[in-house]
Every structure is written in structure tokens, then in C-alpha cells.
Amino acid sequence: MGNKTILYTQHVAMGAKMVDFGGWDMPLHYGSQVEEHHRVRQQSGMFDVSHMTVVDVTGSDARDYLRRLLCNDVARLKQKGKALYSAMLHEQGGVIDDLIVYLMTEPGVSGEWYRVVVNCATREKDLRWMSDQVMKMDVALTEQPDLAMIAIQGPQAIDQVKSVLSPFRQNLIDQLKPFQGQESEGWFIARTGYTGEDGLEIMLPDDEAEAFWQLLAEAGVSPCGLGARDTLRLEAGMNLYGQDMDETVSPLVSNMGWVVAWEPSDRFFVGREPLEAEKTAGVKFKLVGLAMETGKGVLRQGQTVVIDEENQGYITSGGFSPTLGYAVALARVPFATGDEAEVEMRGKRVKVRVVKPPFVRNGQKVYS
Amino acid sequence: MSNIPNELRYVASHEWIRDEGDGTVTIGITDHAQDLLGDVVFVELPEVGDNVSSGDDMGVVESVKAASDVYAPLSGEVVAVNEDLEESPELVNSDPYGDGWFIRLRLSDVAELDDLLDADGYAEHCESES
Numbered sequence: 001m002g003n004k005t006i007l008y009t010q011h012v013a014m015g016a017k018m019v020d021f022g023g024w025d026m027p028l029h030y031g032s033q034v035e036e037h038h039r040v041r042q043q044s045g046m047f048d049v050s051h052m053t054v055v056d057v058t059g060s061d062a063r064d065y066l067r068r069l070l071c072n073d074v075a076r077l078k079q080k081g082k083a084l085y086s087a088m089l090h091e092q093g094g095v096i097d098d099l100i101v102y103l104m105t106e107p108g109v110s111g112e113w114y115r116v117v118v119n120c121a122t123r124e125k126d127l128r129w130m131s132d133q134v135m136k137m138d139v140a141l142t143e144q145p146d147l148a149m150i151a152i153q154g155p156q157a158i159d160q161v162k163s164v165l166s167p168f169r170q171n172l173i174d175q176l177k178p179f180q181g182q183e184s185e186g187w188f189i190a191r192t193g194y195t196g197e198d199g200l201e202i203m204l205p206d207d208e209a210e211a212f213w214q215l216l217a218e219a220g221v222s223p224c225g226l227g228a229r230d231t232l233r234l235e236a237g238m239n240l241y242g243q244d245m246d247e248t249v250s251p252l253v254s255n256m257g258w259v260v261a262w263e264p265s266d267r268f269f270v271g272r273e274p275l276e277a278e279k280t281a282g283v284k285f286k287l288v289g290l291a292m293e294t295g296k297g298v299l300r301q302g303q304t305v306v307i308d309e310e311n312q313g314y315i316t317s318g319g320f321s322p323t324l325g326y327a328v329a330l331a332r333v334p335f336a337t338g339d340e341a342e343v344e345m346r347g348k349r350v351k352v353r354v355v356k357p358p359f360v361r362n363g364q365k366v367y368s
Numbered sequence: 001m002s003n004i005p006n007e008l009r010y011v012a013s014h015e016w017i018r019d020e021g022d023g024t025v026t027i028g029i030t031d032h033a034q035d036l037l038g039d040v041v042f043v044e045l046p047e048v049g050d051n052v053s054s055g056d057d058m059g060v061v062e063s064v065k066a067a068s069d070v071y072a073p074l075s076g077e078v079v080a081v082n083e084d085l086e087e088s089p090e091l092v093n094s095d096p097y098g099d100g101w102f103i104r105l106r107l108s109d110v111a112e113l114d115d116l117l118d119a120d121g122y123a124e125h126c127e128s129e130s
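Which chain is which? The protein sequence lines are A and B, in order.
Position 356, counted from 1, in the first sequence is what my numbering calls 356; the numbers after and before it change by one each time, with no gaps.
Position 81, counted from 1, in the second sequence is what my numbering calls 81; the numbers after and before it change by one each time, with no gaps.
If you are wondering where the hints come from, they were derived from the structure by calculation, not from laboratory data.
Check the hints yourself; a few may be wrong.
Said to hold, decoys possible - When the alpha-carbon atoms are kept at most 27 Å apart in a straight line, the in silico DSSO-like pairs for lysine-lysine are as follows: (1) A/Lys177 with B/Lys65; (2) A/Lys4 with A/Lys17; (3) A/Lys284 with B/Lys65; (4) B/Lys65 with A/Lys162; (5) A/Lys284 with A/Lys177; (6) A/Lys136 with B/Lys65; (7) A/Lys351 with A/Lys365; (8) B/Lys65 with A/Lys351; (9) B/Lys65 with A/Lys365; (10) A/Lys162 with A/Lys82; (11) A/Lys17 with B/Lys65.
Given these sequences and hints, build the entire structure.
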């Protein structure tokens with residue numbers, strides 16, 4: 001028996017196939033994950049992501065604490081509600097987890113409040129690490145286990161969400177820029193997501209979540225499971241922790257170089273030194289996209305990518321892209337890899353193109 | 001509980017067999033199998049004219065979840081393959097016993113039919129695997 005989110009009974013009632021995910025009973029799909037995928041690309045879908053871990057960071061040293069804890073720099077957050085994608089690294093530069101951090105208060109005020117959302121499968125080690133890193137700083141870490149979280153994604157998602165909310169919240173949503181959120185009476189409404197589509201992620205008190213989920217369903221938003229969530233994020237070229245990166249690799253070989261804020265150069269963050277050394281020595285690998293534009297078959301995690309006789313890589317995430325109609329993957333390959341490779345698949349080698357992710361954004365193929 | 005039609009025969013590797021009564025059989029994968037696989041995205045089948053022996057792997061089903069071999073439940077010559085699966089592999093999910101059929105086989109030894117499971121036997125087998 002796993003943990004259940006507040007929406008568990010809704011999922012079962014809607015015919016979900018439930019699976020274990022990081023100790024939680026979560027919907028894999030409600031019939032067809034490919035159909036759910038298309039719904040999100042073409043209309044809208046909603047995902048229960050209440051299993052994710054929400055931690056509020058407060059105290060007079062909150063900002064300094066996060067500037068040290070994260071490889072991206074929260075000093076880049078110049079507006080209330082703004083979100084930053086980042087990662088926590090250990091002393092050797094490996095990725096403990098990736099995360100989103102929101103600035104919840106006006107910037108620059110004393111006693112800033114940040115909200116950090118980390119993965120559920122890494123919850124315990126993340127909380128332990130975050131707690132260990134407080135040391136003597138004036139920082140409070142407060143988990144928010146009583147918040148549900150629903151992601152509503154797709155070209156029609158924002159309009160459909162607005163149709164079931166008060167005029168006040170409609171107006172609040174209209175003001176949101178991409179990657180920004182705002183609070184409203186215990187709700188936190190953010191224009192973020194993990195699909196490559198426009199949409200919202202809404203945190204709200206557990207006791208309001210079921211009613212909101214039902215209203216969204218009545219407004220025509222399709223419930224979607226983890227299956228579609230995975231193929232959507234893969235098409236969008238977004239990493240999945242535990243597959244595309246983990247504690248054994250640095251962000252520099254995980255297509256996350258852009259998440260490392262090198263400037264200002266005097267900012268210390270945990271893992272900075274080994275990353276600088278890696279950069280100076282020359283980064284050996286890179287995380288790329290693979291597209292199998294011809295032939296049948298599906299690229300899968302763990303398959304070997306053959307560059308030439310001496311150089312190999314491996315697929316970190318692979319799958320069938322419903323939008324493109326063929327298989328795509330993320331793979332870690334030698335840095336010098338060109339634009340073609342072969343993948344060992346079920347005893348034979350198949351040709352793939354090496355491309356720069358993402359594969360799909362806003363319903364359209366975007367790589368070339 | 002998945003759908004297991006009484007008039008069909010089965011093998012433990014989750015293929016179904018319909019005896020057409022003229023020395024040929026139609027073969028596909030069961031409702032239980034498609035449910036385990038999830039959405040089917042590619043199906044690779046043998047070609048018309050190929051000879052297969054019972055137990056051979058004769059094709060591959062790729063779903064969103066995994067690649068699975070398809071085994072020939074009987075021996076014979078392939079006389080037809082379902083070409084609709086090329087464009088519409090999702091038929092395997094939506095109609096596994098109808099439009100989602102895989103191949104038709106002319107049997108080399110009709111006595112092999114006696115070795116197949118009936119619906120009850122297959123239901124028990126699924127039960128034992130779960």
C-alpha cells in the first residue's frame with residue numbers, strides 16, 4: 001500500500017490504472033496514454049502532481065542559504081512570484097535533485113519567503129540535505145504536505161481554468177507571465193509546467209482539491225496520467241531526475257549548463273569547485289536528443305549509442321513520440337559526437353539523428 | 001477481469017487462435033496482453049509465405065512500455081498478415097480479437113490444435129501469473 005494523494009478516489013472513479021511511483025499510488029493512464037498525450041498537445045489535460053514535495057524556505061538568511069545551496073542563483077529572481085529552475089549539487093558536483101524555486105515575496109525585503117518544489121522519489125534525502133546545509137544560518141524549512149498540486153496544460157488549459165474560477169483569480173491569471181506565480185487565499189497559481197505547452201500548476205489546500213478537479217473535468221479538461229506526463233516531457237526535452245541525471249553526473253553533462261550561474265564569480269555554491277575544474281579540463285560528455293525518423297522500433301532507456309568503433313554513449317530516456325510518430329530519446333554521448341549515430345536495439349543497429357532537444361514545443365516539431 | 005472469448009483457443013504466451021475450420025487459423029494477442037502492454041505503437045509481423053514453427057518468435061509488438069516478442073503458437077505457412085496494423089497499431093488495443101488480429105496461418109499439423117488452452121485454461125493461467 002503506497003501513499004495516496006487527496007485525489008486518489010477521483011482517479012479510481014475515472015477509471016485510472018494505478019501504479020506505484022516513488023512510494024505513491026499514482027494514475028498511469030485513464031485508458032490510453034497516447035490519447036492523453038494528444039489531448040495536452042491539442043486541447044488540455046490535467047495531472048495530479050500532489051506527490052511532489054513542497055518546502056517553504058523562510059528566515060532572514062533564506063536568500064543567502066539558497067544562493068549557497070543551488071547552482072542557479074536566486075538573486076536572478078527580480079519579481080514577486082518568479083520561478084527559477086535549478087539543482088542542488090553535492091560537494092563532488094553530482095546532482096542531488098532538480099527543482100523549481102519561486103520567490104513568494106517582493107525581492108529585497110528582509111525575511112524573504114521562497115517556495116521550493118522537489119521530486120517525490122528523492123524527498124527524504126533532499127530534506128536531509130537541505131536541513132544539513134542550514135548550519136548556523138537563520139533559515140526555517142517548512143514542508144507543506146497538506147497542499148495538493150494540479151498541473152493543467154495545453155493550448156486551451158488557461159482559458160478552461162479561468163472558466164471555473166472567480167473573476168479575481170481570472171484577473172490574477174491574466175497578469176501572469178511565463179514562469180511566474182501568484183498567491184491567492186491559500187492557493188498558489190503558477191504559469192509553469194513539464195509538458196512544453198502553456199498552462200498552469202496550481203497548489204491548493206487538500207480540502208479544496210477534489211471540488212476543483214471535478215470542476216475542471218466538467219469544463220472539458222481531460223485527466224492525464226504519468227505515462228503521458230513522461231512522453232510530453234521527453235518531447236519537450238526536459239530531464240527526469242533518476243534517468244537523465246543523478247548523483248553520479250554533473251549538470252554539465254546533463255544539458256543543464258544553462259542552470260549553472262557562474263556569475264557573479266565570487267558566489268560560492270556547493271559543487272562549484274568540481275564544476276569549474278570539469279569545465280577547465282574540458283567537458284567529456286553531453287546530453288543530446290536522438291530522433292529515429294525512419295524504421296520501426298522504440299528507443300529505450302539503457303540502450304547503447306554507438307558513435308564509432310571507440311566511442312559509445314547510452315540512452316537515458318527513450319520512448320515513442322506520439323506527436324512526431326517515431327521514437328525519440330535523450331542520450332549521454334561523447335562531447336565530440338556529430339549529427340549521426342547508431343543505437344543497438346534488440347540485436348541490431350539502427351541509425352538515428354543526433355539533435356538538440358527539445359523535439360516539440362507548443363504542439364509543433366521544433367528540432368532541426 | 002479481461003475479456004477471454006469462449007470460442008477461441010490460447011497459449012500461455014498470451015496469443016489467441018481462432019480455428020477457421022479450413023486448415024487455417026487466425027492469430028492475435030489477447031485482451032489481457034494488450035492491457036499489460038499499454039498503447040501499442042508498432043507491430044512487426046512475418047511476411048506472407050514465411051514458414052513458422054510453434055514456439056518461434058515471429059514478430060515484435062512495441063508499446064509505450066516495452067518491446068515484446070510475439071511467438072508462433074502453431075506451425076505452418078503465413079497466408080495473410082493484417083496490413084492495417086502498419087498505419088493503425090492501436091487496433092491491437094481497441095479490438096484485440098477483431099480488427100487487431102495479426103496473421104493467418106495454414107497449419108502444417110492440425111493435431112497441434114489439441115495442445116492449446118481453452119478459455120478456462122487461459123483464465124487460470126492469467127490468474128497464476130498475477
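Hint check results:
Of the pairs offered as hints, the one joining A/Lys177 and B/Lys65 is violated, with about 36 Å between alpha carbons and a cut-off of 27 Å exceeded. Our distance criterion of 27 Å between C-alpha atoms is met by A/Lys4 and A/Lys17, whose separation comes to about 14 Å. For a cut-off of 27 Å, the pair hint linking A/Lys284 to B/Lys65 is broken: about 31 Å separates their Cα positions. Under the criterion of a C-alpha separation no larger than 27 Å, the hint pairing B/Lys65 with A/Lys162 is inconsistent with the structure, at around 35 Å.
Straight-line distance between C-alpha atoms of A/Lys284 and A/Lys177 comes to about 37 Å, which puts the hinted pair past the 27 Å bound. Between the alpha carbons of A/Lys136 and B/Lys65 the distance comes to roughly 47 Å, so the proposed pair goes past 27 Å and is violated. Taking the CA atoms of A/Lys351 and A/Lys365, the gap is near 20 Å; set against the 27 Å cutoff, the hint holds. Only pairs whose Cα atoms come within 27 Å are accepted, and B/Lys65 paired with A/Lys351 is accepted, the gap being roughly 22 Å.
Proximity of B/Lys65 to A/Lys365 is assessed by CA-CA distance (about 23 Å); at most 27 Å being required, the pair is judged to hold. Restraint check for A/Lys162 and A/Lys82: the C-alpha separation of about 20 Å stays at or below 27 Å, so the hint holds. Distance check on the hinted pair: A/Lys17 and B/Lys65 sit about 14 Å apart at the alpha-carbon level, within 27 Å; holds.
Hint violations for this structure: numbers 1, 3, 4, 5 and 6, all remaining hints satisfied.
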